[in-house]
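Starting from the known structure of chain G, arrange chain U with the ligands on it as the hints suggest.
Protein sequences, first through last, are from chains G and U.
12 is the number of the first residue of the first sequence in the numbering used here; add one for each residue after it.
12 is the number of the first residue of the second sequence in the numbering used here; add one for each residue after it.
In short, the hints are calculated from the structure, not lab data.
All values derive from a computational prediction rather than experimental measurement.
One should not assume that every hint holds.
Same chains, same label: a pair holds when it works inside one copy or across any pair of copies.
[What the hints assert, rightly or not] In silico DSSO-like links for lysine-lysine, alpha-carbon gap of 27 Å or less:
| no. | residue 1 | residue 2 |
| --- | --- | --- |
| 1 | K621 | K509 |
| 2 | K693 | K158 |
| 3 | K230 | K88 |
| 4 | K88 | K262 |
| 5 | K693 | K262 |
| 6 | K262 | K435 |
| 7 | K412 | K401 |
| 8 | K519 | K500 |
| 9 | K289 | K401 |
| 10 | K693 | K252 |
| 11 | K500 | K488 |
| 12 | K693 | K101 |
| 13 | K158 | K252 |
| 14 | K88 | K101 |
| 15 | K289 | K158 |
| 16 | K64 | K519 |
| 17 | K693 | K165 |
| 18 | K25 | K232 |
Protein chains: 2
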Amino acid sequence: MNPNNTGTIEINGKEYNTFTEPPVAMAQERAKTSFPVREMTYFLDGGEKNTLKNEQIMEEIERDPLFNNDNYYDLNKEQIRELTMERVAKLSLFVRDQPEDDIKKRFALIGIADMGTYTRLGVHYGLFFGAVRGTGTAEQFGHWISKGAGDLRKFYGCFSMTELGHGSNLAGLETTAIYDEETDEFIINTPHIAATKWWIGGAAHTATHTVVFARLIVKGKDYGVKTFVVQLRNINDHSLKVGISIGDIGKKMGRDGIDNGWIQFTNVRIPRQNLLMKYTKVDREGNVTQPPLAQLTYGSLITGRVSMASDSHQVGKRFITIALRYACIRRQFSTTPGQPETKIIDYPYHQRRLLPLLAYVYALKMTADEVGALFSRTMLKMDDLKPDDKAGLNEVVSDVKELFSVSAGLKAFSTWACADVIDKTRQACGGHGYSGYNGFGQAYADWVVQCTWEGDNNILTLSAGRALIQSAVALRKGEPVGNAVSYLKRYKDLANAKLNGRSLTDPKVLVEAWEVAAGNIINRATDQYEKLIGEGLNADQAFEVLSQQRFQAAKVHTRRHLIAAFFSRIDTEAGEAIKQPLLNLALLFALWSIEEDSGLFLREGFLEPKDIDTVTELVNKYCTTVREEVIGYTDAFNLSDYFINAPIGCYDGDAYRHYFQKVNEQNPARDPRPPYYASTLKPFLFREEEDDDICELDEE
Amino acid sequence: MNPNNTGTIEINGKEYNTFTEPPVAMAQERAKTSFPVREMTYFLDGGEKNTLKNEQIMEEIERDPLFNNDNYYDLNKEQIRELTMERVAKLSLFVRDQPEDDIKKRFALIGIADMGTYTRLGVHYGLFFGAVRGTGTAEQFGHWISKGAGDLRKFYGCFSMTELGHGSNLAGLETTAIYDEETDEFIINTPHIAATKWWIGGAAHTATHTVVFARLIVKGKDYGVKTFVVQLRNINDHSLKVGISIGDIGKKMGRDGIDNGWIQFTNVRIPRQNLLMKYTKVDREGNVTQPPLAQLTYGSLITGRVSMASDSHQVGKRFITIALRYACIRRQFSTTPGQPETKIIDYPYHQRRLLPLLAYVYALKMTADEVGALFSRTMLKMDDLKPDDKAGLNEVVSDVKELFSVSAGLKAFSTWACADVIDKTRQACGGHGYSGYNGFGQAYADWVVQCTWEGDNNILTLSAGRALIQSAVALRKGEPVGNAVSYLKRYKDLANAKLNGRSLTDPKVLVEAWEVAAGNIINRATDQYEKLIGEGLNADQAFEVLSQQRFQAAKVHTRRHLIAAFFSRIDTEAGEAIKQPLLNLALLFALWSIEEDSGLFLREGFLEPKDIDTVTELVNKYCTTVREEVIGYTDAFNLSDYFINAPIGCYDGDAYRHYFQKVNEQNPARDPRPPYYASTLKPFLFREEEDDDICELDEE
Ligand SMILES: Cc1cc2nc3c(=O)[nH]c(=O)nc-3n(C[C@H](O)[C@H](O)[C@H](O)COP(=O)(O)OP(=O)(O)OC[C@H]3O[C@@H](n4cnc5c(N)ncnc54)[C@H](O)[C@@H]3O)c2cc1C
Ligand SMILES: Cc1cc2nc3c(=O)[nH]c(=O)nc-3n(C[C@H](O)[C@H](O)[C@H](O)COP(=O)(O)OP(=O)(O)OC[C@H]3O[C@@H](n4cnc5c(N)ncnc54)[C@H](O)[C@@H]3O)c2cc1C
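With the rest of the complex left out, here is chain G (with noise of 0.2 Å):
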């Protein structure tokens, strides 16, 4: 009856409609593949033992009653600060009990399923935690767990670094720490109110202690910013202690669950052992012995930019499953007359806008996980480090630097790309990526944070920018660099480079590409740093003359980070069965970012505008190539329904039934009438109208 055909789709001689075929063509879509889907998600979590441990911790939240999200959507600030604070107590437990690679990954999975959980907890353990444990002493780590900072026993700590007038400057926060030889204790004093500290996670609501940035002045001399612990509240009865004030910040973008707060000192002393001092240290007399290099002060900020990398995989992972799967069942549109309509998963323009989408959560992952590596690395040289290890700590400290530069670049084009993803899959939903049921704008407001916190991304982009051009300066000096630009050495044979009709597919060319790209701009960057400074600019003054060219240079070399890291995972982790199926995405991931860019591998020469259609073309290829097992690859992230927490990303395909049955039980049918329908609904719609009042005048 119908000449479009839209109602009814015909499979194996069985007819189904709109609403009955979606979880038969996933059925269909699943049998698509061609690799072992197990085998791929143990490449995904680094091997069968990880997989299982994710699986065990995976039904251990499900089943929880505490961590049960069906109404997740639908809860306001007020019920979502109180559920996140239960959610925190009850994974405490697990931090007390568990073994630290068991609790990392409860939090990884955390994080999905409820960012604002995730952060609550990270405030103390990540932030709290990291400062004492990165700044103080042993000692003096040993005293704040004795105190309880070990299982959040009559103590949560929170980490007080911005002020409302200062974030990503800290050397300029104005927060005081004078110190009074007499008492021998430190005064803790908010100057004026643009001092206040301001956004500080867990002060509103939670916060027993603090670590507080403010700069210490002993006799008169402010020797900067340094780290102090203070207590916030009274214990057991979490009042207010004395000079200590605290607002809510209330409404936020997102993560409403984290009760950030302002905090402000007016002459709180504490004792002066509670100033952190593993590197700046102040004795009884007011002598200051001040670190050997201040990037080490700040190595606990490092963790937090290398676990967003693998963040930034972990959400990306559950969006781009939930609008592959989607694109898989959604019919729209018949492109020949009398067919059903088409899956828009096969409108080439729809694989185009997710398929390198899908490649580059996959890259996100290699990255991650190899960045993640040298950091345990560096973090276990630190802390073997023998007080007199000259050589040693040098050599920290150059790993120190690098590792810095590139988790800057990293964390930013990450956390952005996530953002990008969950923005691009709800576009790719239609109207139903709209919906609050899947998840798409919750975890937008929630995660875009991770672009402005720890570290904004544009100023970390500029400050990697800065660390290339630095290393291609002492390249140029003779001087040794770090493992991520070693690339550079070989500049001078790639600075001319053209692809010359070598195959666009192969790895090794396309790895090439990028470092000639990257190359190319580092250089000549660092060739106008260098006049720039021999025109008598400072280096400041120089590096603020190239900020444009220091951030490019971040993106490419970064991107190409992300591109070796890619092949070189395959290459030596990949099993015969899964190598082909990764290496698509790969290629995919390379030839769109070359695509994207293309305007970048014009100007160096390296490929000429033919090529750019050759590169147009094979994405087109492996775009098809990657659609026929998509389902394949999105099932390979392994994530339960409950970590996908959206109706039209079920893992059976049945979208309609379970978005519609999730709308309904979140909204059940009352009234027809509004809550506001006495007051507001029928006084306007059922008015009657008053007559115009109007005196009569007798003018005659």
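Then chain U with the ligands, alone, in the frame of chain G:
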């Protein structure tokens, strides 16, 4: 005392600190503007009369207690829905009493301050009304007006097009309207769950009537999708009519003020007269007359698109104002030791992040006005059309076609641009951009649905691209084409044009650059199209193969349109005093657009690699120039603090004071213990550990 000199600033011999300086800095910045801001406002508003009217309406809104937005960002879904209803009721009174132009102005202004209210009104006055006026006869229109549709008395209309399973593909909708000759009625029915009307704004709480898109079936023959008016609720008690089921769609990413619902029809009988019969007619005997051109039926859909281009400007100007004002008072990092920290607006990189967006927001206005005028002219022609005026009909049909494709591309790229403006300006404000009280989060969540509804942006773009290829095909056959693509006529002269040493600051050259780029893309795609047709594909199939090219074509063509319209409006309307400031913006916009898409111009050979360096230098140069007068450019938008609704973006620049105050007003200092202290926090944080209760075994 502070070697970084971050805290204090000296201005005219007087010292200010981080907290007190901002308003002084703002006054200084404001004084820099060299052009007459008021004249710029007139230019933007299209004349002094419009400005005065806008100001009058703004004052009326601001003073109305019902429109007080002090706690806007803290309202939950239930509260915002009720408030929105009250505001809709209030605004409907203006619709009754005021001239159409004033109403439009009022709605547009409301759209800046409260997008939900704007849309909830729009559901009736835009969508329902538009459909009845556009596809009903004059008698039918009059009938529904007489029922109360004109002033929302005992009448509230909604618009039921989309179904759970179908959105963009109107032709695939599955709701049926079967003509029952016996009773002279249509029977409206929802055949299965996926055919449930979905997303219908106003359905859940408010609507008494709806326009339904349903398949017209007469004597077993399916005539495709037509529009019908159906009553949903009984008048006076607001209960559901027999056969109507309605549910609440609940939580959305944003726009919670609108009561979107789903509707199922179970054999609902409506009189034959409820088919909207301007184009499609069914008589008593079941004879069906079809319209001359399907597109005329959907002509009313263009209204929304045209106004969305204008909305993009309206909302974009609010957020670019906030970010630029903040950038003028926020200091972070000192570039020269001992000097005060730098205002972030003075970082070249920050200028590049924001100033091209400022130019973009200006550009949107020029094009939106131009297309708006074209639209009004066409609608007038359409209304004046005599039934037997063949020539007139042809002209209108060709105008409507042109409007369809122009408005499609413009709607897509403007709404995306505005989303980008909100997102990037938020990031430019660092952490404070994430505060609920600065409005970015709410606005983004509310805004982005504009990219999806009333024509999904991607689909619109593809269809605009299709129209461009069709125009090129027509041109090749010597047929006439619309104004918007007339530059394709000169294509042969342009195809191989190069910059050839001409100035990149000559508007003519810049417009030519974009015409060459757009022309080449369109013509290459047209070559491919003709080749595919030659190979035996039908048009749909050929267009499918060329989807990526269609997207590119629409993108570049639309950018050309924005650039050309900007220069031309300056040329024809700007007085001397504001000409240069406007040109600076337009040049920045055109040059930055080239830089962003440099691959395009290199590929087409219009520019050479060294020209790209010139473009970059010029972008830098115009950023520096425009930077000096940013406060003037943004003040010219003439939005009061009420419409800005972001303390960090206030007119007086006293950002920290307003922000601190706002946060504390909305979150008054109460108990330092959270509401869930007794229930959740205390039992956890102050728990006594239980001993592990292990039964001792007598194992000896
Ligand atoms: C939800 C949330 C939770 C947070 N939790 C905590 C917490 O628990 N503890 C804590 O201490 N902090 C916390 N923060 C603060 C966060 O770390 C800062 O917001 C972040 O570091 C950015 O600093 P800022 O906001 O001061 O931005 P700014 O440094 O003021 O930057 C503003 C803008 O200017 C640009 N800019 C600045 N300097 C330069 C330059 N030199 N060159 C070019 N551009 C420049 C930036 O890119 C940015 O766009 C939180 C923030 C948020 C939003
Ligand atoms: C908040 C809200 C309010 C709304 N209010 C109303 C209302 O009052 N009345 C009403 O009738 N509707 C309403 N809508 C529905 C809205 O108009 C539709 O969601 C919109 O038209 C998109 O249709 P869809 O969701 O079915 O997406 P689909 O058409 O299913 O598209 C899904 C995805 O597939 C892609 N795609 C589809 N076809 C193709 C193709 N041929 N080629 C390439 N890609 C393709 C699209 O780009 C999109 O990314 C509302 C929606 C929302 C979110």
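**Request:** Check K693 against K262 for me: Cα-Cα at most 27 Å, and say if that holds within a copy, between copies, both or neither.
**Result:** Answer is between: at 24 Å across copies they meet the 27 Å cutoff, but 32 Å inside does not.
**Within, between, both or neither: K289, K401 at alpha-carbon 27 Å** = within (17 Å within a copy, 89 Å between copies)
**Within, between, both or neither: K88, K101 at alpha-carbon 27 Å** = Within one copy only: 20 Å inside a chain, 29 Å across chains, cut-off 27 Å.
**Item:** Homomeric proximity label, K412 with K401: Cα distance no greater than 27 Å
**Value:** within (16 Å within a copy, 77 Å between copies)
**Request:** Using 27 Å as the alpha carbon limit, work out where K25 and K232 are close: within a copy, between copies, both or neither.
**Result:** between (85 Å within a copy, 25 Å between copies)
**Request:** Could you place K500 and K488 in one of the four classes (within, between, both, neither) given a Cα distance threshold of 27 Å?
**Result:** within (12 Å within a copy, 58 Å between copies)
**Asked** Between K64 and K519, at a C-alpha cutoff of 27 Å, which is it: within one copy, between copies, both, or neither?
**Response** neither (36 Å within a copy, 65 Å between copies)
**Homomeric proximity label, K262 with K435: Cα distance no greater than 27 Å** = Close inside one copy (26 Å) and across copies (20 Å); limit 27 Å.
**Request:** State whether the alpha carbon distance between K230 and K88 is at most 27 Å within one copy, between copies, both, or neither.
**Result:** neither (46 Å within a copy, 56 Å between copies)
**Request:** At 27 Å max between alpha carbons, let me know whether K621 reaches K509 within a copy, between copies, both or neither.
**Result:** both (13 Å within a copy, 18 Å between copies)
**Message:** I want to check one pair: K693 and K165. Are their C-alpha atoms no more than 27 Å apart within a copy, between two copies, both, or neither?
**Reply:** The answer is between: 9 Å across copies meets 27 Å, while 54 Å in one copy does not.
**Message:** Within a copy, between copies, both or neither: which one fits K158 and K252 at a CA-CA cutoff of 27 Å?
**Reply:** Within one copy only: 17 Å inside, 66 Å across.
Hints 3 and 16, counting from the list given before, are not met by this structure.
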